[in-house]
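Take the sequences, apply the hints, and build the full model.
Chain residues, written in single-letter form:
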Amino acid sequence: MKPKILIQVKNVTKHFDEDEKRVQVLRDINLDVREYEFLMLLGPSGSGKSTLLRLLTGLEEPDSGSVKKTNANISFVFQDFALFPWLNVEQNIRFGLDMNNVHGGLKNRIVADLVAEMGLQGFERAYPRELSGGMKQRVGIARALAMSPKIIFFDEPFSALDTFTEVKLRQEVLKIWREHKVTVVMVTHSVEEALLMADRIAVFTARPGTIEKIIDNPFPRPRNVHSKQFVAMVEKISKMVE
Amino acid sequence: MIHRYLKIYKRRIHILWAFLIVLLPFIFILFIDSLTAEAKVSFIGDLLASAVRLIVAYIISLVIAVVLGVTLSRGKLGTFMLPLFDVLQSFPTFAMLPLAVATFGPSETTVIIFLIITVIWPMLFAIISSQKLIKAGWEEAATVYGAVGWKRVVYFALPIAAPGIVTGSIVGLGEGWEAVVGAEIIVGLKDHGLGNFFSSNSSAGHAVFFGVMALLLFIFALNHIIWLPLLEKSHKMLTE
Numbered sequence: 001m002k003p004k005i006l007i008q009v010k011n012v013t014k015h016f017d018e019d020e021k022r023v024q025v026l027r028d029i030n031l032d033v034r035e036y037e038f039l040m041l042l043g044p045s046g047s048g049k050s051t052l053l054r055l056l057t058g059l060e061e062p063d064s065g066s067v068k069k070t071n072a073n074i075s076f077v078f079q080d081f082a083l084f085p086w087l088n089v090e091q092n093i094r095f096g097l098d099m100n101n102v103h104g105g106l107k108n109r110i111v112a113d114l115v116a117e118m119g120l121q122g123f124e125r126a127y128p129r130e131l132s133g134g135m136k137q138r139v140g141i142a143r144a145l146a147m148s149p150k151i152i153f154f155d156e157p158f159s160a161l162d163t164f165t166e167v168k169l170r171q172e173v174l175k176i177w178r179e180h181k182v183t184v185v186m187v188t189h190s191v192e193e194a195l196l197m198a199d200r201i202a203v204f205t206a207r208p209g210t211i212e213k214i215i216d217n218p219f220p221r222p223r224n225v226h227s228k229q230f231v232a233m234v235e236k237i238s239k240m241v242e
Numbered sequence: 001m002i003h004r005y006l007k008i009y010k011r012r013i014h015i016l017w018a019f020l021i022v023l024l025p026f027i028f029i030l031f032i033d034s035l036t037a038e039a040k041v042s043f044i045g046d047l048l049a050s051a052v053r054l055i056v057a058y059i060i061s062l063v064i065a066v067v068l069g070v071t072l073s074r075g076k077l078g079t080f081m082l083p084l085f086d087v088l089q090s091f092p093t094f095a096m097l098p099l100a101v102a103t104f105g106p107s108e109t110t111v112i113i114f115l116i117i118t119v120i121w122p123m124l125f126a127i128i129s130s131q132k133l134i135k136a137g138w139e140e141a142a143t144v145y146g147a148v149g150w151k152r153v154v155y156f157a158l159p160i161a162a163p164g165i166v167t168g169s170i171v172g173l174g175e176g177w178e179a180v181v182g183a184e185i186i187v188g189l190k191d192h193g194l195g196n197f198f199s200s201n202s203s204a205g206h207a208v209f210f211g212v213m214a215l216l217l218f219i220f221a222l223n224h225i226i227w228l229p230l231l232e233k234s235h236k237m238l239t240e
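Chains U and C, in that order, give the protein sequences. What the first sequence shows, in this note's numbering, is residues 1 to 242, in sequence order. What the second sequence shows, in this note's numbering, is residues 1 to 240, in sequence order.
A portion of the hints provided could be inaccurate.
Claimed, not checked - Each computed DSS-like pair below joins lysine-lysine, with the alpha-carbon atoms no more than 27 Å apart:
#1 U:K68 to U:K10
#2 U:K69 to U:K2
#3 U:K69 to U:K181
#4 C:K76 to U:K21
#5 U:K21 to C:K151
#6 U:K21 to C:K233
#7 U:K150 to U:K168
#8 U:K150 to C:K132
#9 C:K135 to C:K76
#10 C:K76 to C:K190
#11 U:K69 to U:K213
#12 U:K228 to U:K239
#13 U:K69 to U:K4
#14 C:K135 to C:K151
#15 U:K213 to U:K236
#16 C:K151 to U:K107
#17 C:K233 to C:K151
#18 U:K69 to C:K132
Everything labelled a hint here was simulated from the structure, so no lab data went into it. A quick note: this is a predicted structure, and the numbers were derived from the prediction, not measured.
Have a look at this one:
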């Protein structure tokens, strides 16, 4: 059976005005987001992958071309967490629910479940400034899950974290993807991360940002990052990105 | 709440100081009252009358400044209006007094309107500058999670404006106390008020001196009891 297409990007271009110069960030982008897949946007900095992520969510509009979306709940997990510093952990998690008038009892149940799932017990009343980077991103993920999203967008969610936390959170995000039956679109600049996590990898090249190739991940899960084939594949894709 | 507030005072000596700061103005004010009893002027009544005018003007300014600050800190209207405000705020407010008196007469309304145009500028500009602290990520998060309309104002714009509201209030009220005395004297308000106190006691040097001291202590106490704790709290609000 052919998977359902949730978002369809056709011939999209996008530019920004920087110091009176017109900088093209994306050129001729064509991409589908399929239901339940784990799609990775991989590329060097300046290749427009974060911009494409924002086009997929509707936070940005394309200059030309089209982004066709099915009507579905979406969530966003940010590179710099983007937690609201004036709200505590619990209030951050329930922010989306507050905005969408979810009633009290259900809201409290969702928040309590997510606090437990993300290992945030005991920190419900803590403010973001009191948390470590890893804990902050757990709150960011819990805030995203609270919306019962169909698609979760991750913008380099681990790049502000230490390696130890990064390795751990990757596994947790994979678990969430499996158990919550969500579609994930993630941006990364790490080839290893892309091959470890994704079903499909859209490889970007920079200036202007274009999709060089879309790779179907050949490795079955769970994946071993130390296996010979895996390391060889990482090297091959790394060359492509350069 | 009280318990949490007391936590600001970490040692017993702090509490002692706080009590002293609270009590001193009242002792002083009572002292002034006994000094000026012969002149048949009640300092407490004058102080309260001026304070009420200032509070009314402050509340009106607060509402206007928040509405303007939040809506004008972005968008095309803002880029047009802000330079205009910048010119307006540098206009010496006392120069407007004759016009205000001509329009509204030597009344309480005149004083309050004059106070509003004094207090509002520091508040407005502090709120606008606090809106500049908004991080792109916060805005995107608020948008993705559906913050629109009045909810975006209450849950998003107001908390970000809070530090600006507090610093703007401190500066604005500081200027306001100066302005209320000046305006009452210039307008020639015959009702109760600090302006009346100072102008009718201008020949009694000691009354004026103690009046000024009492007013200073009163403002100092207000700052310590209300504004400094709020300042501390509001600046933590935007720390990530």
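So, going through the hints one by one against the coordinates:
{"no.": "1", "hint": "U:K68 to U:K10", "verdict": "holds (8 Å)"}
{"no.": "2", "hint": "U:K69 to U:K2", "verdict": "holds (18 Å)"}
{"no.": "3", "hint": "U:K69 to U:K181", "verdict": "holds (19 Å)"}
{"no.": "4", "hint": "C:K76 to U:K21", "verdict": "holds (21 Å)"}
{"no.": "5", "hint": "U:K21 to C:K151", "verdict": "violated (37 Å)"}
{"no.": "6", "hint": "U:K21 to C:K233", "verdict": "violated (42 Å)"}
{"no.": "7", "hint": "U:K150 to U:K168", "verdict": "holds (24 Å)"}
{"no.": "8", "hint": "U:K150 to C:K132", "verdict": "violated (33 Å)"}
{"no.": "9", "hint": "C:K135 to C:K76", "verdict": "holds (20 Å)"}
{"no.": "10", "hint": "C:K76 to C:K190", "verdict": "violated (46 Å)"}
{"no.": "11", "hint": "U:K69 to U:K213", "verdict": "holds (22 Å)"}
{"no.": "12", "hint": "U:K228 to U:K239", "verdict": "holds (17 Å)"}
{"no.": "13", "hint": "U:K69 to U:K4", "verdict": "holds (12 Å)"}
{"no.": "14", "hint": "C:K135 to C:K151", "verdict": "holds (18 Å)"}
{"no.": "15", "hint": "U:K213 to U:K236", "verdict": "holds (13 Å)"}
{"no.": "16", "hint": "C:K151 to U:K107", "verdict": "holds (17 Å)"}
{"no.": "17", "hint": "C:K233 to C:K151", "verdict": "holds (23 Å)"}
{"no.": "18", "hint": "U:K69 to C:K132", "verdict": "violated (32 Å)"}
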